[in-house]
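Given next are the chains, with one letter for each unit.
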Amino acid sequence: MTALSVRGLDVRFHGQALVTGVSFDVGAGERVGLIGESGSGKSLTALAIMGLLGDGLAAHGHVLLDGEDLLEAPERRLCQLRGDRIAMIFQEPATALNPTRRVGAQVVEALRTHRGLRHRDARRAAVELLERVELPDPARSARLYPHELSGGQRQRVVMAMAISCCPRVLLADEPTTALDATVQAKVIHLLDRLVDEQGCALVLITHDLAVVSQTCDRVVTMYGGHVVESGPSAAVLDAPRHPYTAGLVATAAAVTLDGPTPTGRLPSIPGSVPADGRFPSGCPFRDRCERAVPRCTEVPADRRDGERVVACWNPVPAGARAPAGEPGGERPAEPGPPGPGPTGQGGPR
Amino acid sequence: MTSYLLRRLGTVLVTLVGASIVVFSVLNVLPGSPAAVILGQQATPRAVRQLTAQLGLDKPLWRQYLDWAAGLLHGRLGVSYVSHVAIGQEIGQALSVTGPLVGLAMLVGLAIALPVGVGGALRHGRPSGSLLGAVGQVGMAVPTVVGGLLLIVAFALRTHLFPSGGFPGWSDPLQALRSLVLPAVTLGVVEGAILSRYVRASVLEQLRSDYLRTARAQGLRMGQALRRHGLRNAAIPLVTVLGLELASLVVGAIVVENVFDLPGIGTLLLDAVDNRDLLTVQDIAMLVAATVLVLNAAVDISYRLIDPRTRGRS
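If you read the protein sequences in the order shown, they are chains D and E.
Under this note's numbering, residues 1 to 349 are what the first sequence spells out, in order.
Under this note's numbering, residues 350 to 663 are what the second sequence spells out, in order.
Don't read these hints as lab results, they were simulated from the structure.
Just so you know, even glycine gets a beta-carbon here, dropped at the ideal spot from N, CA and C.
Across the chosen pairs, the derived CB separations fall in these ranges: (1) D:Arg-115 to E:Arg-475: 27 to 37 Å; (2) D:His-207 to E:Val-648: 41 to 51 Å; (3) D:Gln-80 to E:Arg-472: 21 to 31 Å; (4) D:Pro-74 to E:Pro-476: 14 to 24 Å.
The whole structure should be built from the sequences, with the hints applied where relevant.
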């Protein structure tokens, strides 16, 4: 059964489209990874789902939570759902918590709002929640202010807030990006366990493909405000079909597995996300894509192949292995292996 | 906290000593002798010398300073050269007018600034929000004197709701308060306009803060989130402004007391300057300096109470 269904979601800032036609489904208890560079519209998508877009931003389309359209729901109804049925973990634990209120009071905010918890019960619930996210000495931690906690501890508090009411859908917006590398793994591990215990559906926004492959059932790649590829995470990350996903996989693999290319450079996707958010018409990736063909000036149609969907006029052929497995692919100047080689890599031109 | 309070108190004392030296020096480099002014143009040089000696103004400056400072420490503010009344008593009486006036004005200011500022922030980007902003601008642009005169015309001369000036004394508290209403509103409207801009900016910053978004992600309505999370944080910068504005209200009171003919500190100061009553001027200047310093210290201390991040730091 589908817990969250996003259908044709657009986010516009005073008419300029920042997210266009984003669609994906998250089944009950399913885990979906949302990947892509900064500026690809992942966080905006999450905020639009929560109905918490900032000034000047407007969302159109459909966001169905158990069949109920959140974009058409009145604010009062959204307040009933937020924190209770759908919750969000934010990227910056340093600023996500109120600096002038004690951690214990903040962590039970949703419980008090939705379950009408009284003072004493709330205090007990706060300690329990902090215990569940493995904060040291929860009773004492509850009386601390956010600035008295470390970054990782603050993120645990933010996570405890999000799961306090056992939401159906949990959105996690790069929950580890702001943390030390040593803490990241622990926080992801905890997130994994909490989602498991609660059986809630998870939308995990991240740069970290290793995390996606370990924790997510399916993956959705975004670029330039569009979904460019989606499918089961093992299949997509193993053999990406969209040149952009392929580029992400290649760069990630080089960093974690293979190290620098024989030329001594880390592979990277040529070019960069346009700073002003003005992507080319048609396929937003075409000006950075090595597989671009004339037709890419048209908006690519979705190609379906079983559970996999790719929006590309000239996708990497099915069956091609992930570029990481083929060091030869790192040197596009050489004649490639039989068949079109993996693409989307190579140093900056 | 105790050591912090002691340190802060030490700073206030040191600054007060500095302020007293500055005040004393500035007033004593002014040309002209108070004795000559008191005795008038027909006075003989001998009489002037005698009076100067009698007032202690023939002693070396450092000696005069020490005498004055020691007097202040003992609560002896001296006797006016002109009215021969104890200055402490005069200032006390004037304060009983200016103190309530400034307090009332601040209340009026806050009563205007809080709803206008918060409302403006909540309606940011909408026409009604811009209108509230414009109201604030107009309020600031009207000079105190003009505003005061307009109020006198409307509420004293036309409708006789409030007296147009004068002060009956606190023996009749109701009448005393009535005579303070128009001056307090005059001062307070301008104050409210100024403060409302700070309130608006501060609340707007809270509305855009990440933790307010977190609070809303827990299911709190905008108003709830703002009440529970925003207002306390919004108050942090406002406390500074309030401290500074309270000091500037004391200055503004000088003008308003003149317009409404109130026997407050402002009137006392202007009269003292007119009459070259240097000692009174000196004492009032010290009083104002001490008030500002104490207000600033109060601001710093209230930070600690409002913002836990500043506790435990020096």
